[in-house]
Amino acid sequence: MISLNELVATYTTVRGSVRAVDGVDLSIPEGNIVGIAGESGCGKTTLLKVIYGDLTYPLALEQGSVNYGFADGAGREVDSASIQAYWFQRISYIPQSSMSSLNPVIRIRKQFVDFLEPKANKDDTLDRVRQFIQQLDLPPEALDAYPHQLSGGMRQRMMVALATFFQPDIILADEPTTALDVVVQKGILLLLLKLQRQMGNTILFVSHDMGVHYQISHRMIIMYAAKVVEYGESPDVFSAPLHPYTRMLIESLPNIGDDHLRQGVSGRPPSLWDDLRGCRFAARCPLATELCRQEEPPLVEHRPNHFAACHYAGDVIPTLELPA
Amino acid sequence: MKTILKTDDLHKVYRLGGFINRVRINALDKVNLHVQSDEPVIISLVGESGSGKTTLAKVMLRLIAPNDGQAIVNDQVVAGKGAKTDKKTFMSMVQPIFQNPFEAFSNYRTVDTYLLRTAMKVSGAKGAEAEDLVEEALVAVGMRYADVRGKYPNQFSGGELQRVSVARALIPKPSIIIADEPVSMIDASLRMNVINLFLKLKEGTRTSFLYITHDLATAYYISDYIAVMYRGTIVEFGNARAILSDPQHPYTQLLLGSVATMGQKWEEADIAMQDMEATEFVAEGCRFRHRCPLAEQICADVRPAATLLPDGREVYCHIVEREMERI
Chain A
65 MISLNELVAT YTTVRGSVRA VDGVDLSIPE GNIVGIAGES GCGKTTLLKV
115 IYGDLTYPLA LEQGSVNYGF ADGAGREVDS ASIQAYWFQR ISYIPQSSMS
165 SLNPVIRIRK QFVDFLEPKA NKDDTLDRVR QFIQQLDLPP EALDAYPHQL
215 SGGMRQRMMV ALATFFQPDI ILADEPTTAL DVVVQKGILL LLLKLQRQMG
265 NTILFVSHDM GVHYQISHRM IIMYAAKVVE YGESPDVFSA PLHPYTRMLI
315 ESLPNIGDDH LRQGVSGRPP SLWDDLRGCR FAARCPLATE LCRQEEPPLV
365 EHRPNHFAAC HYAGDVIPTL ELPA
Chain B
21 MKTILKTDDL HKVYRLGGFI NRVRINALDK VNLHVQSDEP VIISLVGESG
71 SGKTTLAKVM LRLIAPNDGQ AIVNDQVVAG KGAKTDKKTF MSMVQPIFQN
121 PFEAFSNYRT VDTYLLRTAM KVSGAKGAEA EDLVEEALVA VGMRYADVRG
171 KYPNQFSGGE LQRVSVARAL IPKPSIIIAD EPVSMIDASL RMNVINLFLK
221 LKEGTRTSFL YITHDLATAY YISDYIAVMY RGTIVEFGNA RAILSDPQHP
271 YTQLLLGSVA TMGQKWEEAD IAMQDMEATE FVAEGCRFRH RCPLAEQICA
321 DVRPAATLLP DGREVYCHIV EREMERI
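Taken in sequence, the protein lines are chains A and B.
Take the first sequence: its letter number 59 is residue 123 in the working numbering, and every next letter is one higher.
Take the second sequence: its letter number 179 is residue 199 in the working numbering, and every next letter is one higher.
Since the hints were derived computationally from the structure, they do not count as laboratory data.
Hints are not guaranteed to be accurate.
Straight-line C-alpha distance at most 20 Å; calculated SDA-like pairs for lysine to any residue [said to hold, decoys possible]:
id : chain 1 : residue 1 : chain 2 : residue 2
1  : B       : K107      : B       : V97
2  : B       : K104      : B       : L81
3  : B       : K285      : A       : D300
4  : B       : K285      : B       : L274
5  : B       : K22       : B       : T225
6  : B       : K285      : A       : L255
7  : B       : K285      : A       : L254
8  : A       : K258      : B       : K107
9  : B       : K285      : A       : F229
These numbers were taken from a predicted model, which means no experiment stands behind them.
Take these sequences, add in the hints, and give me the full structure.
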């Protein structure tokens, strides 16, 4: 179980600090693929960075803590300040545009043993790596190549291999397939699903593509303007979303073979610099009332395991039709 | 009927590498597209990266010259052999919209200067006349001149700024707008605003679009015609709805089967991921044969020609050709 306790993460800028993640409080059970969706600038990547413990200037964790559900050698709970010691062993990160994240001037095999302890047997590990990457349809010789000698899809699979080889408990993936073609994307997503099923680890998966989330996520977190607005089991979120933003996000996307007219959401997300009052989606929400503009809705469990931050979630919305 | 868009054996070769290890890549290999209509149409060009979609757009926009063949827009040869159209006429006929609106506009200039310059330089309007043209174009995309006057790009959201670039492209009243991945940088909730705008403009200002994308769902949503490209060649071309609901070429089938859609989960078939190298661009025969489950010897030897199907689409596949002959 990963618990995120009242996380507030800020970026320091010349204009002062801005809250990119503002009060995220939820717990994620083990062995799930959790999808995180939302618009650019809503805090998806920042949330991953906080969970990874990659808190370097200008990013800072102003408030709250992360519990990973395991303890260190001395029996203390590991938190976001001490997680660095477990990078790649118990928690790994597939960064955005990970295709270009491999070091271009050293061979890939060296990057695999980079984070091993000095006394560990490197040859032994590399032999196991050679075995492992064949599961990912990569030839063993690919390990001796420089990154530019591999195609984009191969580099991406190499990053997946790097992130999964030590069978970490938690894998954080930030838009791992965005730059790829759909055919390669499908291959990598199915691969990730297969590995997750074998290892039973928890994957936090950021993507702005709701279709991708539908395919692989067990649970969904929907973020809007630094807040979590909806969190629940994927089938529930996709079939009966509680928050109007989630609904509009899902309904705005066209599908092949479906001739319905689709509408985008008008307006734009609020600037995080503004003095934000009430529900942050109120300005774009067709159902907003005075209450929404004044009072911020808390993230409440409206149905079992299905949370939403909307004053009217659960009771009024299902009977209201969104204007076309 | 008017020729909206036609390419005639359009060919473009990129040469990579140095003197010794030179590689030739046929980015466009004898591309033939032909759309005739009296009504404005939206033509989608889909394919993976490296399929030549952007090269085709660049040739149509005269940003690069083709090695062979010609491109015709609105009954006039605009690029390649025999292109005589002068720059001003060309720019008032063909206008671009680019992928990232934040890169298309400079951060140090207000966006209305781009609009006014286009009105003055391309449409030849002066003073108040130019402002009227700008206002008219902005109204067509659902904005007002007052919304953009004196504003810099960072004061808009991606969707709004993309609307402004559509408005800019509309000022000379072009017969076709070439939009290269116009929504891939825009957030999902705002994407449909731009897509619906294209549909509206097709009816309202009677502008045709060449919509270049890798997103098959939006292509299905707005297009009349679709051309599927693979490694510099067209593999299937015709009515968008017909092709996307019943693809005939094995590549189109693979592409459609790989789209992550809502509503139907993928089956966990064995994941085959071959990796293609630059050699595919110069290969003889069908380019797709290495990945094609149906490939035969003929596919390696002879390049498939277009087979015309009863619904008017063209499929470049030996297997489909044989099927048709049997019927």
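Checked hints:
no., hint, result
1, B:K107 <-> B:V97, "holds (12 Å)"
2, B:K104 <-> B:L81, "holds (14 Å)"
3, B:K285 <-> A:D300, "holds (15 Å)"
4, B:K285 <-> B:L274, "holds (15 Å)"
5, B:K22 <-> B:T225, "holds (17 Å)"
6, B:K285 <-> A:L255, "holds (15 Å)"
7, B:K285 <-> A:L254, "holds (11 Å)"
8, A:K258 <-> B:K107, "violated (55 Å)"
9, B:K285 <-> A:F229, "violated (27 Å)"
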